[in-house]
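Using the sequences and the hints given, assemble the complete structure.
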Amino acid sequence: MIRHQLALIKREIWEHRSIFVTPLAIASIVTLGSLAALIFASGFAEELHMAIFGATNIVGDSGRTAVLTGHFVGTSWLFLVALAILTVFYSLDSLYAERKDKSILFWRSLPVTDAETVISKLITAVVVIPIVAVITIVATHIVNLIVTSIWVSAKGGDAFLLIWGSVALLDNWLAVLIVVLATAIWMSPFIGWFLLVSAFAKRSPLPMAFLPLVLIPLLEGIFLHSRFFATAVFGRGTSMPLFHGINMDAIFDKSYQLQVNEEVISLLLYLDVGQFVLSPATWAGVVVCGLLTTGAIYIRRYRGES
Amino acid sequence: MTSLVSAQGVSKNYGSVRAVDNVSFEIEKGKILGVIGPNGAGKTTLLKAVLGLTDCEGQLSVLGLDPFRQRKELMQNICFIADVAVLPRWMKVWQLLDYVEAVHPNFSRKRAEGHLQSTKIQSTAKVRQLSKGMVTQLHLSIIMAIDAKLLVLDEPTLGLDIIFRKEFYANLLNDYFDDERTIIITTHQVEEVEYLLTDVMFIDEGRILLDSPMDLLADTYVEVLTSGENAVKARALGPIADNEMFGESVMLFEGVSRDRLEGFGELRTPAIADLFVAKIKGARK
Numbered sequence: 508m509i510r511h512q513l514a515l516i517k518r519e520i521w522e523h524r525s526i527f528v529t530p531l532a533i534a535s536i537v538t539l540g541s542l543a544a545l546i547f548a549s550g551f552a553e554e555l556h557m558a559i560f561g562a563t564n565i566v567g568d569s570g571r572t573a574v575l576t577g578h579f580v581g582t583s584w585l586f587l588v589a590l591a592i593l594t595v596f597y598s599l600d601s602l603y604a605e606r607k608d609k610s611i612l613f614w615r616s617l618p619v620t621d622a623e624t625v626i627s628k629l630i631t632a633v634v635v636i637p638i639v640a641v642i643t644i645v646a647t648h649i650v651n652l653i654v655t656s657i658w659v660s661a662k663g664g665d666a667f668l669l670i671w672g673s674v675a676l677l678d679n680w681l682a683v684l685i686v687v688l689a690t691a692i693w694m695s696p697f698i699g700w701f702l703l704v705s706a707f708a709k710r711s712p713l714p715m716a717f718l719p720l721v722l723i724p725l726l727e728g729i730f731l732h733s734r735f736f737a738t739a740v741f742g743r744g745t746s747m748p749l750f751h752g753i754n755m756d757a758i759f760d761k762s763y764q765l766q767v768n769e770e771v772i773s774l775l776l777y778l779d780v781g782q783f784v785l786s787p788a789t790w791a792g793v794v795v796c797g798l799l800t801t802g803a804i805y806i807r808r809y810r811g812e813s
Numbered sequence: 304m305t306s307l308v309s310a311q312g313v314s315k316n317y318g319s320v321r322a323v324d325n326v327s328f329e330i331e332k333g334k335i336l337g338v339i340g341p342n343g344a345g346k347t348t349l350l351k352a353v354l355g356l357t358d359c360e361g362q363l364s365v366l367g368l369d370p371f372r373q374r375k376e377l378m379q380n381i382c383f384i385a386d387v388a389v390l391p392r393w394m395k396v397w398q399l400l401d402y403v404e405a406v407h408p409n410f411s412r413k414r415a416e417g418h419l420q421s422t423k424i425q426s427t428a429k430v431r432q433l434s435k436g437m438v439t440q441l442h443l444s445i446i447m448a449i450d451a452k453l454l455v456l457d458e459p460t461l462g463l464d465i466i467f468r469k470e471f472y473a474n475l476l477n478d479y480f481d482d483e484r485t486i487i488i489t490t491h492q493v494e495e496v497e498y499l500l501t502d503v504m505f506i507d508e509g510r511i512l513l514d515s516p517m518d519l520l521a522d523t524y525v526e527v528l529t530s531g532e533n534a535v536k537a538r539a540l541g542p543i544a545d546n547e548m549f550g551e552s553v554m555l556f557e558g559v560s561r562d563r564l565e566g567f568g569e570l571r572t573p574a575i576a577d578l579f580v581a582k583i584k585g586a587r588k
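Residue numbers (this note's numbering), protein chains in the order written: chain Y, 508 to 813; chain B, 304 to 588.
Be aware that a few hints might be false.
What the hints assert, rightly or not - In silico DSS-like cross-links for lysine-lysine, where the CA-CA straight-line distance does not exceed 30 Å:
1. Lys435/B - Lys517/Y
2. Lys429/B - Lys609/Y
3. Lys609/Y - Lys709/Y
4. Lys709/Y - Lys395/B
5. Lys452/B - Lys395/B
Claimed, not checked - Not close to chain B: a few residues of chain Y, all C-beta gaps over 10 Å, as computed:
6. Ser549
7. Leu587
8. Ile592
9. Ile611
10. Leu617
11. Pro618
12. Thr620
13. Leu652
14. Ser711
15. Leu775
16. Leu776
Quick caveat, the hints were computed from the structure, so don't treat them as lab data.
The structure presented is a predicted model; accordingly, all values stated were derived computationally and were not measured.
Glycine included, each C-beta is placed from N, C-alpha and C at the ideal position.
So this is what it looks like as structure tokens:
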């Protein structure tokens, strides 16, 4: 069973190279972007000198932490957006492409059940893709921090004080891992839905997946004057019970600039894993995902044309 | 008797279309069965049912298993080539071998690589870079490296040129087939497989028109080349097919003994293709 799952997941990674290519592309963009910024900044020797002096002597620990954490969140955010798009396309394609190119006949000629196959695609979407993204995020941060340290040192600054000592790296990486995995689990009903559409669609799974998400709330609003479905679908993205105690005003000021604030130390402080794990909404999502995935297995198995 | 496949009253409907209509048959171990029928006759549907790819009515047992409900167990002992185009085009040859090795308990990678060495297929090539003939060679190399009890080939050589087709069947007979193995083949190119079959089955409109060992065909079916007065006499015995060729009549008889036909002209055993046409025409009258 586990041997099969490993082989199946390896198969998914071979087929969908975007699982690696997308995060690597974002990593290159982030790295090139910060290199360009460093080169650009090097042109202003006087200002630079003042900035390093200011960062070392005036701003203080909390200020440095705030700036670096802001940079950390900002670059991670790019990965998360890419990750979301990647997951949508991956799960919509996963059971559709094999029917389109008829390779499903080959896959089904081997002693692997439909359940094993579909579950491997679910695991890829909910676990593998996020973990690959987190590894790339961490690697990107390390590379960028090293490059920046060398640069700061070359410009006469103390890299250990200014960079390595000012940000709770391990905490923040762990926080990224938790946020990414929890988001995947929280949004897993959508992944289940995409798998179902992927197994079901005769053509164009993309519009087929999104049309009902728009139409059903519309019809519900018109005929039932309620917003249950709309809240469940569109509200889910903003109601994840993982975050707590976020006072946006404490982090950002009116012009959305990150404030220098003592609270900005470790991103872990903003996460409440217990609340997430114990929330009925989390488990309701997992159940819906399970039902939709079962539907996808059933369709793959009973579909006569394959 | 060791029945590998046993079907009793098997039917399959697609909506209102009855693709397979109440068929019953047995396939024994060590046979090579040719399933022959026109397009849409129900061959592929029947094979799908045998392979557990589709559910059906009636009783169907393959290697003692219910093919649809025990597909995973079944696939450990069955192989099939459904069509030349089904190997995943994005996959590299070594990935394909890796994957099959990981999921198939009866697959010998060594054997597969041995077969591949006699071809031009590189292990780093992607399936999409291979010609149609090479894809079939690759698929056959994998299949022949699986120690399976039953091999099902559905139009395995469709779209291949004659050299690949001949080679395909030669490989199959020389390197694969033995008394422990059983093969089911469907094809349009009857002439090419005729010599290797031990049994033949004709299907049309979801029904079995003929199910017989090849060596018994000569006892039941006789073709007579005749002309003139003999032709009139022969015709009175009720041939199932009667064609003119180069001024002579070619008549096909079913269940009429050779002794009775002896004096009418040259006797021979009909080719499968001719017998097939006669049976289909007869059934559709």
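Hint check:
no. : hint                : in the structure
1   : Lys435/B - Lys517/Y : holds, 26 Å
2   : Lys429/B - Lys609/Y : holds, 16 Å
3   : Lys609/Y - Lys709/Y : holds, 13 Å
4   : Lys709/Y - Lys395/B : holds, 27 Å
5   : Lys452/B - Lys395/B : holds, 28 Å
6   : Ser549              : holds, 44 Å
7   : Leu587              : holds, 27 Å
8   : Ile592              : holds, 21 Å
9   : Ile611              : violated, 8 Å
10  : Leu617              : violated, 5 Å
11  : Pro618              : violated, 4 Å
12  : Thr620              : violated, 5 Å
13  : Leu652              : holds, 36 Å
14  : Ser711              : holds, 20 Å
15  : Leu775              : holds, 38 Å
16  : Leu776              : holds, 43 Å
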